[in-house]
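Residue-level listing of the chains:
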Amino acid sequence: DVKVTQSSRYLVKRTGEKVFLECVQDMDHENMFWYRQDPGLGLRLIYFSYDVKMKEKGDIPEGYSVSREKKERFSLILESASTNQTSMYLCASIKGSGREAFFGQGTRLTVV
Amino acid sequence: GQSLEQPSEVTAVEGAIVQINCTYQTSGFYGLSWYQQHDGGAPTFLSYNALDGLEETGRFSSFLSRSDSYGYLLLQELQMKDSASYFCAVRGPSGGSYIPTFGRGTSLIVHP
Chain X
235 DVKVTQSSRY
245 LVKRTGEKVF
255 LECVQDMDHE
265 NMFWYRQDPG
275 LGLRLIYFSY
285 DVKMKEKGDI
295 PEGYSVSREK
305 KERFSLILES
315 ASTNQTSMYL
325 CASIKGSGRE
335 AFFGQGTRLT
345 VV
Chain R
3 GQSLEQPSEV
13 TAVEGAIVQI
23 NCTYQTSGFY
33 GLSWYQQHDG
43 GAPTFLSYNA
53 LDGLEETGRF
63 SSFLSRSDSY
73 GYLLLQELQM
83 KDSASYFCAV
93 RGPSGGSYIP
103 TFGRGTSLIV
113 HP
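Going line by line, the protein sequences match chains X and R.
Take 235 as the starting number for the first sequence in the working numbering and just add one per residue.
Take 3 as the starting number for the second sequence in the working numbering and just add one per residue.
There are no misleading hints in this set.
A few chain R residues facing chain X, derived, Cβ under 10 Å: (1) Y50; (2) A52; (3) G105.
Beta-carbon label-pair distances, calculated as ranges: (4) X:K304 to R:K83: 33 to 39 Å; (5) R:K83 to X:Y244: 21 to 27 Å; (6) R:L76 to X:T344: 35 to 41 Å; (7) R:P95 to X:E313: 27 to 33 Å.
Bear in mind the hints are in silico, worked out from the structure with no lab data behind them.
Glycine residues also receive a C-beta, built at the ideal position from the N, C-alpha and C atoms.
Hey, can you work out the whole structure from these sequences and the hints?
The structure is reproduced here in structure tokens:
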């Protein structure tokens with residue numbers, strides 16, 4: 235069965251902390267994505283990667299960075315967490331030129 | 003860039019038929035997808051249209067008109083479990099990958 239796993243379902247961090255959100259997929263997919271989901275705003279793309287060590291900015295990359303050292307793992311980094319980064323973060327993967335995105339269960343991050 | 007418009011909320015009664023519309027503006031288009039997300043859950047893929055016309059999958063159908071930049075998701079024989087958020091997503095090119103850009107989502111509420 236296809237699986238995208240995010241390391242935490244819930245996280246509470248303090249303002250200014252460095253935060254790592256981890257995502258692992260077991261489907262050998264080339265493409266991986268980080269979205270944030272906020273009420274009324276839908277899913278907004280933060281960063282994506284189409285290959286190991288490759289990364290591209292999405293629509294809202296400010297305040298975030300990413301790392302993809304291995305094909306199966308895509309990490310989202312909040313260099314200095316702020317309260318406006320409180321959100322649901324969703325990781326997704328897609329195989330090659332495939333049409334279907336597979337999502338993880340999401341990480342609900344609260345920055346206090 | 004890409005933008006998508008869909009209604010924020012739709013209500014219907016059990017057993018009825020409901021249509022969720024999606025209009026899009028995009029600089030590159032490969033297809034329109036639909037995803038379902040229950041509260042607290044991950045988005046899951048429902049359907050994909052690359053060509054004009056209707057695609058049917060059980061109780062769900064999806065339609066695309068590329069000339070009108072318009073599509074819809076049709077849900078028949080509504081059930082209570084269909085209460086969820088529904089997102090349309092445009093699949094467009096970026097660099098070496100195909101990036102799904104999501105609409106803001108439509109909350110479907112099914113009443114008994």
